[in-house]
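Going line by line, the protein sequences match chains E and G. Heads up: take any position in the first sequence, counting from 1, add 259, and you land on this note's numbering. Heads up: take any position in the second sequence, counting from 1, add 259, and you land on this note's numbering.
It is possible that some hints are incorrect.
Treat identical chains as interchangeable: a pair holds within one or across any two.
Claimed, not checked - List of simulated lysine to any residue pairs, SDA-like, C-alpha gap at most 20 angstroms:
#	residue 1	residue 2
1	K555	H333
2	K690	D647
3	K540	I363
4	K593	A356
5	K474	E617
6	K540	L421
7	K441	H411
8	K594	S447
9	K441	A472
10	K339	T430
11	K690	L645
12	K339	T311
13	K474	D647
14	K690	Y546
15	K540	L616
Calculated directly from the structure, the hints in this document are not laboratory data.
There are 2 protein chains.
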Amino acid sequence: MGDDGKRHDGVRVLAAEIAAHDGEEVTVSGWVHRVRELGAVSFVVLRDRIGTAQIVYEGAAPTGPENVVRVRGHVGANEKAPGGFEVRAVETEVIGAVSGELPISVSADVDSFGIETLLDNRIASLRMPKVRAIFELQAEIVTHFSDYLRSHDFTEIKTSKLIGTGTEGGTGLFEVDYFGEKVYLAQSPQFYKQAMVASGLERVFEVGCAYRAEKHDTPRHLNEYVSLDVEMGFIDGIDDLMDLEIGILSHICEGVRASRTGAAALEAWGATLPDADTLAKTPRIDYDEAKSIAAKRIGKRLFELNPEAERVLCEWAVAEYGVEAVFVTGFPRKKRPFYTWPEEQRTASFDLLFRGLEITTGGKRIHDYRMLLEALPKFGMTPEQLPDYLSIFQYGCPPHGGFAIGLERLTQKFLGLENIKAASLFPRDRKRVRP
Amino acid sequence: MGDDGKRHDGVRVLAAEIAAHDGEEVTVSGWVHRVRELGAVSFVVLRDRIGTAQIVYEGAAPTGPENVVRVRGHVGANEKAPGGFEVRAVETEVIGAVSGELPISVSADVDSFGIETLLDNRIASLRMPKVRAIFELQAEIVTHFSDYLRSHDFTEIKTSKLIGTGTEGGTGLFEVDYFGEKVYLAQSPQFYKQAMVASGLERVFEVGCAYRAEKHDTPRHLNEYVSLDVEMGFIDGIDDLMDLEIGILSHICEGVRASRTGAAALEAWGATLPDADTLAKTPRIDYDEAKSIAAKRIGKRLFELNPEAERVLCEWAVAEYGVEAVFVTGFPRKKRPFYTWPEEQRTASFDLLFRGLEITTGGKRIHDYRMLLEALPKFGMTPEQLPDYLSIFQYGCPPHGGFAIGLERLTQKFLGLENIKAASLFPRDRKRVRP
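Kindly generate the complete structure, drawing on both the sequences and the hints.
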């Protein structure tokens, strides 16, 4: 790495920086993105981690697409070159040779392939700049999510994904052979984040894998996903949580837009993000009201908030409040886990719907030990099933609550991706455990 | 949350902030850490996420240890109170009651308990401020690790932990039942981070879980740990990687020391961290030289760098270079995975030993497809076992390498913890899958 350790490697100049070296000899390195041979002269588009540059050769280009090359040459102005400058090659060394044929062309239009083709050829499709941009934006989401919480006194935690018992019910869990004992992959860090609130950290977050062994095959489900989990103590109610989430999302949207890679990804996908003023207008409506609004727009009676209802509720929020998001609150007790704070037959809970999809589930939790003991039998559970979990509340726990944002769902909705699998580097579904 | 969203909840004032409210009525909330009853007057130490405050009651204290309370009272100066101020209680509400007995006292001396007792009573022991401090420091490590890499153009990735085949050999892998198919928990994101370097991201990092199904029971092994993984393209050799790691560790040490929680954790454990100038002196010695230095200090012939050798090599580095760290380079080919860049019978690889323990393994990788094909049979492998992995190199891949730092090992060595399990919130070992 160079002195500043940042934008060049030794004498390497990045493709995006050649304009600053007009008239100089430079070395650029990267992948041959595209080759255009015109007989007397050839143009190569060189791709590196930041951008692309045009390389000019007299005669034929020395090598073909996806070979990794190091090119020494002179920078010169050319108004027809992207960025106004090009490198006139003196010497080209292939430092990473292609062996054989690529199954799909990296410089092809991403939208000309279906999701299954992109995933069946994942090692190749991840090279497509527009595909790579999804994950550059995703990294920005994680950065700004974490930054916001750290600056609000939240501590990042890393908890075990191997759990001895499936506390949220045994279904939907992947079983692991742990030295001959059956354990499970955690569906969420729910109990751990509650334990850490109660430990005195008060405010915690985790970015980690979560697993659902559900046999669905929809454009909105993954069997392994990244969960952005938040839990906060000393809350008065769920409005504190929804305020926090709006703060987080506003910060993420601003941060993504302001970053080089985030802005480039939005542009590549023709997407925009709401600003903080818009997100602040997100309405908070009760479950019954949500059902009735959705039923009216769909034109038939609804027994629950199904995906169609989630879509029309977001349309309603745009029409009424000018924001593509809506909080639905007060879910019925039977639709929420046993640990949710009850309010008669309802709960102090919420979902956040964004651009037609539920991206968050959250709520206040039961922090009182006796209340939790009363709740268990209503869900067919016994205290003996949950000794560790119950001890969190036996030892003194503040009122608290939290939520989880699905990273891939947020990425999907930020960029308008049709299928959530496009927002996972190496998605796992019913049929797919490779690569 | 308040207007600044940061240091108070509604009218809540944090324990560490009462001095700024001298003479005012405030509300503080937290856990009853300790109670001292003197008859006419009682003192309660209230603990919250940042610090502690003394609460004074006329007569008896209203409640006992670990109850969560909200206390309204007047702030007054008292030179005997920690910080010079106390809250004279007017009204106390128990908002999170203790039910039953705590198995260990939260205000007791951590060092009076063995590691097994601390882990057998994990929900209680995590409340001990000195235990909690371990994880507050750990969060700072993750923050500064990530920040440094982001500022050097590295992209954070999140890769699958469910892998279809055990590419690094079938032993040491936990088996998962994936819809009736056998898959495994990943030992490292090795192949994924290489794929992402080759995808064009060039520089990637991941903070994620890694799994080793090894039946060891030592103070330096965990079956589930957090791996801080780094991979970088367009390197000239392993010196680039070691330079990068010294940069990362310097930034982490500085960041931990400069942070409130990091500094407090170091103080609580009586630990110090090396500064950047010291780390820059870390020697880089060849494997044979390392063996001969260690053999000399131990006084017997060595066949490999065992834990004792790692300890004495760090002692040697302190004596010779004034730094508690040493890079050992050029490991024999048989001691490194098949994908390590060979140099005759040796490899372009390194370990970083710090305070007597190997905290990092890294190296340059084979990026040339044909060279990889030649390497496989030497390790008893066939191309048919690794079609996805091989395609990374078939499509054109730059010279690259990387390393992984074990988060818990680094935490352990930063604080001088005897057992690595103390550096994991919910450690998993041969006998422990709870809580």
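* To do: Return the numbers of the hints above that this structure violates; sort them in rising order.
  => 1, 3, 4, 6, 7, 10, 13, 14
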